[in-house]
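Following the hints, put chain E with the ligand in place on chain R, whose structure we already have.
Protein chains in written order, with my numbering: chain R, 1 to 157; chain E, 158 to 733.
None of these hints come from the bench; they were simulated from the model. Note that the structure is a prediction, hence the values are computed from the model and not measured. Virtual Cβ for every residue (Gly too), placed ideally from N, Cα, C. Treat the hints with care, since some could be wrong.
If you want the ones that stay clear, here's a sample from chain R, every Cβ over 12 Å from chain E, calculated [claimed, not checked]:
no.	residue
1	34
2	37
3	153
Pair ranges (Cβ atoms, derived) [as the list claims (entries may be wrong)]:
no.	chain 1	residue 1	chain 2	residue 2	range
4	E	531	R	64	34 to 40 Å
5	E	558	R	89	43 to 49 Å
6	R	73	E	519	47 to 53 Å
7	E	543	R	129	39 to 45 Å
8	R	124	E	543	57 to 63 Å
9	R	33	E	559	42 to 48 Å
10	E	519	R	64	33 to 39 Å
11	R	70	E	548	47 to 53 Å
12	R	124	E	457	56 to 62 Å
13	E	629	R	70	55 to 61 Å
14	E	574	R	64	32 to 38 Å
15	R	129	E	674	34 to 40 Å
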Amino acid sequence: MRIVALIALSAVPLLVAAGPYDIALFATPKAPSAHGSARLVYAASPFGVAVTADGRAQYDIQVTAAELPEASSLGAFKAYVAWAATPDLSTWVRLGTIRNGTSIVGHVDLNKFLLVITAEADSAPPRHAGPTVLHGTSPSGWLQSFLNHPMFRGITG
Amino acid sequence: MRRLVLAAAALALGMAPRLANAQQQEKKKPPVSMDDMAGMHHDSAHISMPIPMPAGMPMIPGLVGLTPSVTEFLPGNGTDPGKLPAARPTRIVQLRNRDTLDLTAGLVRRTVNGRTFVMYAFNGEVPGPLIRVPQNATITVRFHNRIDLESTVHWHGVRLDNRNDGVPGLTQVAVTPGGDFVYTVHFPDAGIYWYHPHVREDVEQALGLFGNIIVDAPETDYYSPANSEHTLVLDDLLVNGDTLIPFGKEGPDFALMGRVGNVLLVNGESGYTLRARRGEVVRFFLTNVSNSRTWNVSFGGAPIKVIASDVSRFEREERVASVVLAPAERYVVEVKFDRPGRYALVNSIQAINHYRGEFEPQADTLGVVTVTNEPARPDYSRQFATLRAHPAVSKEIERYRPYFDKPPDKQLTLTVRTTGLPLATVQFMTIDTAYFAPVEWVDGMPDMNWLSTDKQVRWILRDDATGKENMDIDWHVARGSVVKLRIFNDPMSFHPMQHPIHLHGQRMLVVSRDGVPMRNLSWKDTALIPVGSTVDLLIDASNPGDWMLHCHIAEHLGAGMMMAVHVDGARAGDQR
Ligand SMILES: [Cu+2]
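For reference, chain R alone in the conformation it holds in the complex:
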């Protein structure tokens, strides 16, 4: 059990090795050869970083995608749309449309979020309805809870 946890932890930096702005995107069975990545860049701001009044970072997202099939090949769809969703999936924010190549969408100001790219019937749908083709997690989503780690129970070394 402990070995599994250690493997999981050590695998994490490999996925996000480039730093706090990089998101690896994963394909789904709907478009298995699609792949890509995303990078968070601070939204325009006169300050050193862009944040909301309550201190949440405000990012634009550069999505680089490849081998997305024509949206219409997946059904009655016309466009790929990027969404930011809270980890509990209660809130979805439409970020913009995605194409093969690099697209810049934004803003997102959620502390932790899932980046989800769906095929949609419209380039500006009011809510997500179509199938997911790529998805990833904000780097902050990798934050771990250490409350049950042996270290905090006094078991070190």
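Relative to chain R, chain E with the ligand alone:
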């Protein structure tokens, strides 16, 4: 009650492992000097006070009982605070060209949040005297060091004559206790500046040695009109009950993250108050003088316009929801208080609870602006609603625009090296690597931070071209050249953190961040470099001399994060 139980459990669990740690460290480490055994002291003659932890967070059991490897230092050597003068609020000192000011750093009795401490002050005032001078004035400041440490005065952001820059070992010899030094300070740029010692900033600045300078432009409409103006000096102080957490005598403690205070202060006091009239437009000059904290300040929902930063106005005024200030940064903003009532001045951030792996919003009320029903006269509603452009700023920047896209002339990587930290710290930092926030707004791990000193932590500016680090870097640039400096804050280090990088004596533009051009520029002397970011700075190397470039987190500076930039050319006299 719950915290007590946790602490007791931590103590019980901490005992045995601590011994095991020490043995393991002995085994694994190569031969070390006593200094390298840093953090391993259990000697009660050293600092033994526990560090205040955030609510609900126990110290890591493996750290319980450890103390930083420094001799504790508090100012005054046990002086009875009752025998010292009480610190007074700031007074405005209006100076003209060729005027002289006596500036004395001394001991004071300062009451913060109902608790009295021995601290430092300039001329007995916290913040120090607010010096107000016309642009292009030259003043003489006779500095008198009457504290118990060596000191100097650095005129932050002011493009003055190099020999008056206040950097010991580079521009002057440090002023010993009882000694004096005369500074000639010329103010070529309008705006908001500040002064502070350039010796042990982690101690002297933290204990109250800072003050503002407002340099007034000759133009009466330099800023859009306001009914009143006020300085807001943002600071924090780390206290544990009735005592200050002691400082390190030989060098800084809190070397990992810098000392982050648990009492937030505006103009040296908690509970800032201001009265304004309905519809009043207030111009605030904000300065972050805290050792490490980055602030995110708002005014109870009142609309904010940002007008200027360190060394100039922005190209155009901009509406913002809050004001973000890294250490040493300044911003000039205007705020309009439309309705009668109370507006809370708040610092709002998203803390990271490293134990739970969650973000936790924190909002600290710094004070209250009480707005009366009486209408403000004149009514500046129309001017406030207009976002003015500052064509003079854009026109001047236009000369530098051809350099924006040139390849960088110089590149620095920001990183850290550690040795001999407590095993539990190393273990935690090694596994808590999945995510480093671009900006750490608050100290989420004060136990680990407290126990780290400059003996164990070396913060590094590394010259990519030569591999040289910190003071071994020897950059010479020609006076009058425009230097593009690319700074990368490497996220793949033991403990990455944001760094506010300050360059003395020159001005610079932040032209892009992570490849994205900045759209609204102002001249800066300090630029925040978040973790993982690459920031391109364009330096107007116009002022000859030997100038520091360093991180303005006081403990990072104290742990080595500094270098010198030599601007070669004719000396003052024919400058500019
Ligand atoms: Cu730093």
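Tested hints:
no.: 1; hint: 34; verdict: holds, 25 Å
no.: 2; hint: 37; verdict: holds, 15 Å
no.: 3; hint: 153; verdict: violated, 7 Å
no.: 4; hint: 531(E) x 64(R): 34 to 40 Å; verdict: violated, 57 Å
no.: 5; hint: 558(E) x 89(R): 43 to 49 Å; verdict: holds, 46 Å
no.: 6; hint: 73(R) x 519(E): 47 to 53 Å; verdict: holds, 48 Å
no.: 7; hint: 543(E) x 129(R): 39 to 45 Å; verdict: holds, 43 Å
no.: 8; hint: 124(R) x 543(E): 57 to 63 Å; verdict: violated, 33 Å
no.: 9; hint: 33(R) x 559(E): 42 to 48 Å; verdict: holds, 45 Å
no.: 10; hint: 519(E) x 64(R): 33 to 39 Å; verdict: holds, 35 Å
no.: 11; hint: 70(R) x 548(E): 47 to 53 Å; verdict: holds, 49 Å
no.: 12; hint: 124(R) x 457(E): 56 to 62 Å; verdict: violated, 35 Å
no.: 13; hint: 629(E) x 70(R): 55 to 61 Å; verdict: holds, 57 Å
no.: 14; hint: 574(E) x 64(R): 32 to 38 Å; verdict: holds, 34 Å
no.: 15; hint: 129(R) x 674(E): 34 to 40 Å; verdict: holds, 36 Å
Going through the hint list in order, the structure does not satisfy hints 3, 4, 8 and 12.
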